[in-house]
Each structure stands twice: as C-alpha cells, then as structure tokens.
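Sequences listed follow chains P and D, in order. If you use this note's numbering, the first sequence corresponds to residues 1 to 379, in order. If you use this note's numbering, the second sequence corresponds to residues 1 to 359, in order.
Simulated from the structure, these hints should not be mistaken for laboratory data. What you are looking at is a predicted structure, and each value in this text was computed from that prediction instead of being measured. Incorrect hints may appear among the rest.
[To be verified] Each pair of labels, with its calculated beta carbon distance range:
no.: 1; chain 1: D; residue 1: S114; chain 2: P; residue 2: A99; range: 42 to 50 Å
no.: 2; chain 1: D; residue 1: E121; chain 2: P; residue 2: I298; range: 39 to 47 Å
no.: 3; chain 1: D; residue 1: R313; chain 2: P; residue 2: G18; range: 32 to 40 Å
no.: 4; chain 1: P; residue 1: G158; chain 2: D; residue 2: A44; range: 49 to 57 Å
no.: 5; chain 1: P; residue 1: A19; chain 2: D; residue 2: A231; range: 47 to 55 Å
no.: 6; chain 1: P; residue 1: D183; chain 2: D; residue 2: A44; range: 49 to 57 Å
no.: 7; chain 1: D; residue 1: P87; chain 2: P; residue 2: V269; range: 43 to 51 Å
Positions of the beta carbon are idealized from the N, C-alpha and C atoms, including for glycine.
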Amino acid sequence: MRYLREFRDPELAARLVGAIAAAATRRWTIMEVCGGQTHSIIRNGIDQLLADQVEFVHGPGCPVCVTPLETIDRALEIASRPGVILCSFGDMLRVPGSATDLFTVRARGGDVRVVYSPLDAVRIAAENPHCQVVFLGIGFETTAPANAMALVAARDRGLRNFSMLVSHVLVPPAMAAVLTAPDNRVSAFLAAGHVCTVMGTTQYEPLVAAHRVPIVVTGFEPLDLLDGVRAAVQQLEDGRAELENAYPRAVRPEGNPVARRTLDSVFTVCDRAWRGIGVIPDSGWRLADEYAEFDAAIRFDVTGLTAEESPECRSGDVLRGVIKPPQCPAFGGRCTPRTPLGATMVSTEGACAAYFQFRRLAPAGTAPRATGHDGGGRP
Amino acid sequence: MTETVDPTRWVCPRPLRDHSAVMLGHGGGGVLSGELVEHLFLPAFAAAPDDARTPVPALADSAVLEVGGVRLAFSTDSYVVRPLFFPGGSIGELAVHGTINDLACSGAVPVALSAGFILEEGLDLEVLGRVAEAMGRAAARAGVRLVTGDTKVVERGLADGLYVNTSGIGVVPPGVDIRPERARPGDRVLVSGPIGEHGVAVLSVRENLEFGGDVRSDTAALHGLVAAMLAAAPGGVHALRDPTRGGLATTLCEIAAASGTGVEFTESAVPVPPVVEAACAFLGLDPLHVANEGKIVAFVAADEADAALAAMRAHPAGHEAAIIGTVTADHPGLVVARTAFGTTRVVDRPLGEQLPRIC
Numbered sequence: 001m002r003y004l005r006e007f008r009d010p011e012l013a014a015r016l017v018g019a020i021a022a023a024a025t026r027r028w029t030i031m032e033v034c035g036g037q038t039h040s041i042i043r044n045g046i047d048q049l050l051a052d053q054v055e056f057v058h059g060p061g062c063p064v065c066v067t068p069l070e071t072i073d074r075a076l077e078i079a080s081r082p083g084v085i086l087c088s089f090g091d092m093l094r095v096p097g098s099a100t101d102l103f104t105v106r107a108r109g110g111d112v113r114v115v116y117s118p119l120d121a122v123r124i125a126a127e128n129p130h131c132q133v134v135f136l137g138i139g140f141e142t143t144a145p146a147n148a149m150a151l152v153a154a155r156d157r158g159l160r161n162f163s164m165l166v167s168h169v170l171v172p173p174a175m176a177a178v179l180t181a182p183d184n185r186v187s188a189f190l191a192a193g194h195v196c197t198v199m200g201t202t203q204y205e206p207l208v209a210a211h212r213v214p215i216v217v218t219g220f221e222p223l224d225l226l227d228g229v230r231a232a233v234q235q236l237e238d239g240r241a242e243l244e245n246a247y248p249r250a251v252r253p254e255g256n257p258v259a260r261r262t263l264d265s266v267f268t269v270c271d272r273a274w275r276g277i278g279v280i281p282d283s284g285w286r287l288a289d290e291y292a293e294f295d296a297a298i299r300f301d302v303t304g305l306t307a308e309e310s311p312e313c314r315s316g317d318v319l320r321g322v323i324k325p326p327q328c329p330a331f332g333g334r335c336t337p338r339t340p341l342g343a344t345m346v347s348t349e350g351a352c353a354a355y356f357q358f359r360r361l362a363p364a365g366t367a368p369r370a371t372g373h374d375g376g377g378r379p
Numbered sequence: 001m002t003e004t005v006d007p008t009r010w011v012c013p014r015p016l017r018d019h020s021a022v023m024l025g026h027g028g029g030g031v032l033s034g035e036l037v038e039h040l041f042l043p044a045f046a047a048a049p050d051d052a053r054t055p056v057p058a059l060a061d062s063a064v065l066e067v068g069g070v071r072l073a074f075s076t077d078s079y080v081v082r083p084l085f086f087p088g089g090s091i092g093e094l095a096v097h098g099t100i101n102d103l104a105c106s107g108a109v110p111v112a113l114s115a116g117f118i119l120e121e122g123l124d125l126e127v128l129g130r131v132a133e134a135m136g137r138a139a140a141r142a143g144v145r146l147v148t149g150d151t152k153v154v155e156r157g158l159a160d161g162l163y164v165n166t167s168g169i170g171v172v173p174p175g176v177d178i179r180p181e182r183a184r185p186g187d188r189v190l191v192s193g194p195i196g197e198h199g200v201a202v203l204s205v206r207e208n209l210e211f212g213g214d215v216r217s218d219t220a221a222l223h224g225l226v227a228a229m230l231a232a233a234p235g236g237v238h239a240l241r242d243p244t245r246g247g248l249a250t251t252l253c254e255i256a257a258a259s260g261t262g263v264e265f266t267e268s269a270v271p272v273p274p275v276v277e278a279a280c281a282f283l284g285l286d287p288l289h290v291a292n293e294g295k296i297v298a299f300v301a302a303d304e305a306d307a308a309l310a311a312m313r314a315h316p317a318g319h320e321a322a323i324i325g326t327v328t329a330d331h332p333g334l335v336v337a338r339t340a341f342g343t344t345r346v347v348d349r350p351l352g353e354q355l356p357r358i359c
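Generate coordinates for the entire structure from the input sequences, incorporating the hints supplied.
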C-alpha cells in the first residue's frame, strides 16, 4: 500500500516540528475533531513533540463514543430476540449499555456478528431468509455512504428481512456546539479528513465566518497531523481565520458527489442526542420516509426504550475538550478499559482509552495519573 | 474436599470478572485468558489438600518435569483456526509447529507428539486426509514423531469441521535453564523475523480481503533455531517465547510481568512487512497485536546478544532477526515503545479477542 510509510517519515516530521516551533510565539489550543486523529496523536506522541507550541484538546469525533446509550440498549434488546442476526462493526461489541454489552449477549446465545461492511449484512440477510438481519448503522458522514448503499441494495433486492438501527451523527453541528459553549477554549480546528472526503469542505465556511476560527482539513498519519497543525498555527500567528485543506490527496471541495446524492436519498437530517453531550439540533441523520420500512427501531418496536448515563462519567466534558481524560476522577480507577463507565474508555478511537493505553508512563511533570490494569509495577 | 468454582469470589488479586459466561476473549491469549487461568483453572487444579498452599509458579509455554534424572518438557495446545487451510499452511502444520515451539521455548529438544481430533459429522474425509498428511509432513521435517492419538466425532453443527489438539514432550539438555522469569535488566530483546504474517494471512482469506500484496502464514518449527541460539550463546539465553495470539506486544508484556522487569523497545527496529502494515492500517489493528506462528522472541544477556543474533540470522528460520530493545529495571511490568519520532508510549496486551480463531 502506498501513502502509508511516506506519511510516517521521521525526518520530514522533524522538519515540520521545526517549522511549527519557528512560527509559534505562544502556545495555542487546537482541537482535532476526529477520534482517529486523537489516537494517532497520542500513539505517536505528537503532543509530546509540540508540548511548547500546542495544547491538543480532543474532539467529539469518535462515533462509538457519542452513540447514545439508548441506541446501544436498543441494539442489545434487538440482538437478544430469537431469530435475529445483529451485525455490527467490531468496535461496538464491547461498548457498555445500561446492563450488558453485545459480547455478553452473544455469549448468552444471541447471534451477533462482526462485519467489515454493511454490504456483508445485506448478503447475510439474503442467505438467511428466515432470520431478521439488523445492521447497527452508527457513525459520522464517513460510514454513512456505505450504510446508505446497503439500504439501496436491500431495497433493490427486495430483502424484507433486512433493517438498520440508524444513529448517524454529523460533524459541523458538533463543532458549532463546541464553539458556542461558554467554556470553549478552542482557537483552531483540525477538521476530520475522512468526513470531508465524503462531504467536501464548503459546509465549514459558515463556521469559519461566524466564529473567526481557523479550520484546517487534516489527515491521520503523523505527517498529515503535523502539516495540519503547521497550517493552523500559521493562521493563528497571522491573525487569519480561513478554511484550509491540508489533506488534498483525499479531499476535494465538493467531496464525493455520488456518495452525497445517495446520502440525500436515504437519510434526512434530524436532531440527535450525543452520548455525554446531549441533544444537538440538526446534528444527525435518520432514515428518510421512503426507507422507513427498513428502520429497525420501528420494526422491533424499541423506540420507547430510554436510558440514563452513569453520573460519574465525564465523557461529555472530554468530548467537548473541557477536560483531559486524566482529569476525570474516575479515570484509571473506577473507569478502565476493563470496567468502562463510558464509551470514550472503550472505543479504539476514544480519548480516554488512548490516554489509558499509551500514557501510563508519561514524562514526569506532564504525567496523567499513572495506573494500570495489569497489576504491574507503576511509577 | 473440592469446592465448586464460584466466579463471584474471584476477588484476589484482581477485581471480580464481570462476565458470568465464557466470552470469545477468554480464548484470545490476552488479559481475559490470563484471568481464566489464574482465577479459575489454577485454584481448581491446586485444590488437592496437600498442595493447596503451593505457590503458583510463573506460567511458561511448557512445564519442565524431572523424571528419572532427565528434565522433560511437556506442553499441550488446541487448534481451532478457521478456515482450515490458508496461504502458507493449514491447521495441520499449526498443530505440529505450535506444540514443538512451545517445547522449544523451554530450550527442549522435542521428541514426540500426540494428536487428538474432534471431528464434525459430515466432514469430508478428503479434508481430514489433507490435514493429517500436513501434520505428518510437518512432523517428519521437524524430526519429531507423532506417536499416539485419539479421535472423537460430534454431531453435525456441534463443531466447525475439525479441531486438533497436540501434546508434546521434549528433553531439556543439561545446563539449559530458560524461563520467562529469568529475563533481567540489561538483557537484549531479539525477534527472529517479520511479525504479523500469520494473522493477516488467515484474515485475508477469511474475510476475502486483499491488501495489495501476497502474505503467507509464517508457520514453522523453531526448535532448530533455538538449538542454534543455544550453541552460539550458551548460558546467555534467559527467556524465549513464541508470540502467537496477542502478538509481540503480549509476549513482551508477559515476560516483563513474569520477570518483574520493564521492557523498552524501538518501534522502527521491529520488522513489519509492508503488507502487514497496510492490512493493519486498513482494519484498525496494531501489528504488535497480530499473531505469529513461526517467530520467537528471545531475551539474551547483553554480552551474548550479538552472537545469538548472528546465529539466528544464519538459520533459515531467523535470517531477518533483529535486536529490538532492552530489559530495564525501570517501570517493572511495563513495556514502553520508542516511536520513530523519538516519543514514547506504553504498549499493552489487547484486552480481549481481536481476531477470533486465528490458531
């Protein structure tokens, strides 16, 4: 695969770090929107490289993290019923619902399958006409086109035993919510590159104009992230606030028109609850009325199911960049990947999981509370 | 009198397990597997009154028993890989190589294996024949005999084609003492070649994924490689482990925990084939967590590390061997990676199951 090692080159990384250090006259607070970016920053120690120039605050772009508890509970309820095959991306299986998780449902006899594409779930539906096959359709604009394609395929094939539990979320309204919060500290954004691959960049122009905030469309590899930071810092130092594309190899201004047309035909914008954050207006997609027959929540009559979050979990503050994971009193003690209170500690893209996994041995002074679940000696 | 195992009493030294049923993760070789052994099997197996207070020894890949003045290594492993055949091998080669490698990690010279089959009603005999022939060929190449066996058949639907168990015995040569807890500060950490190939090869056929390159399982018997290392660095080889389920990261964490030391390694020194890197990037996996079936990780005294490395590189199973890190007295129990960018991060075992039924 090309475009992988090229974007992990240490010498080029050192040059970019030098450029950022030369440009920065103060320490800037920058939010990377996407959980994949958070993971890459922490895993590669990019925040360590830029400790004097940038404070990274970690954004809400972890799909598993923001999927509301009641969506998880609905999936658990559906998966527990006989004759149902529930298909999901693997990440969702360990996310705790109110009482259990999908792994446990599976161990108790539920048919829960990990798939790599929603089209696999459509195929499973075609192969199992006597079962109801449900795909857990969560995520941002990134995963939505494949889910939309699956619904189009299911309708074209006349599959009456396929449905989707949809809880899609949209990035720009969440960024607006971060910016308008009274405790906002973010002075620039690294926008989520893959979302822009689908949706393009134009939808960020109103945010830039209204809040005078630099937004740099950024990729996920170490050099992508450093280049995004370089562009953001340069804008901040120049007193500019512009929409800038630092991920041009994957992102065009108009996005992917074919995907967008499919999305428009399958989904309708709606208000959406974000786990740990609350309801954000016009921040989600539900199935369009023409696809209502594929709505698993209706088909299985689970729309009445509601749930309450653990009051101890501060994932909402983490997802809005108000606190860092180690600042949560439950971090590493009551809340670990083994015993998560919230989804940010579960998902591979979750900020809490990233800190727990990679930062138990942070340099003195910057250390989050050292802890461990393996019983090993700790500093 | 034996007591019934009560999972709600699994309180010491780790917190109570929150599942009341077996999860796939309990077979993943990671944290959950370890808990099952520590909190369910060991207490149950040590329940006989006369050895109830016997301290639990550090767990190695095989047990070493002194019998009539000879030190015998004894090990067992079961194989449930799906699909049965994959690029580079089959469940047959895995079953032979895997148990040989567990013996080799005690420094033992493997002598003989048993083979137990659980077959599903309806399994094509041609398939069973291919698996048996693969086992026979693998054992012959390794110079190890298959000497006893067993066959059971379960009703259709109660097994996925076939499962294999192999047990093996070997002789530990005099003077050889290789155990996880013998790793000590200053030791060099060596890996015998590129990581992640087995897991990615199995996944590529199972999920019909192509990663822009050919990838084959690295399944291989490693006792010859171990013998070469022991000849080149007598006394210097402190600990050996084959990084199967849970990958290199799990092996390093296990040795660090068993020996009460810390491990530091340089990420860029770990050989990762481009196709493995690409597959992991695509699937969101960490190459350090992906299974190997023909690699060994060695903890060798600093002054003998170069000799051991040279011996590994001169052997066909180790020609891409590399020194990847050192053992330290700092941060005991923790494994720390130095990234290509000069930063550091903690490396952990995967919590549960990343890729079920990989071996």
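Hint-by-hint comparison with the structure:
1. D:S114 <-> P:A99: 42 to 50 Å: Given range 42 to 50 Å: holds, Cβ gap about 44 Å.
2. D:E121 <-> P:I298: 39 to 47 Å: holds (42 Å)
3. D:R313 <-> P:G18: 32 to 40 Å: holds (37 Å)
4. P:G158 <-> D:A44: 49 to 57 Å: About 54 Å separates the Cβ atoms of G158 of chain P and A44 of chain D, which means 49 to 57 Å holds.
5. P:A19 <-> D:A231: 47 to 55 Å: Cβ of A19 of chain P to Cβ of A231 of chain D: about 52 Å, so the range 47 to 55 Å holds.
6. P:D183 <-> D:A44: 49 to 57 Å: holds (53 Å)
7. D:P87 <-> P:V269: 43 to 51 Å: Cβ of P87 of chain D to Cβ of V269 of chain P: about 46 Å, so the range 43 to 51 Å holds.
Every hint, counting from the list given before, is met by this structure.
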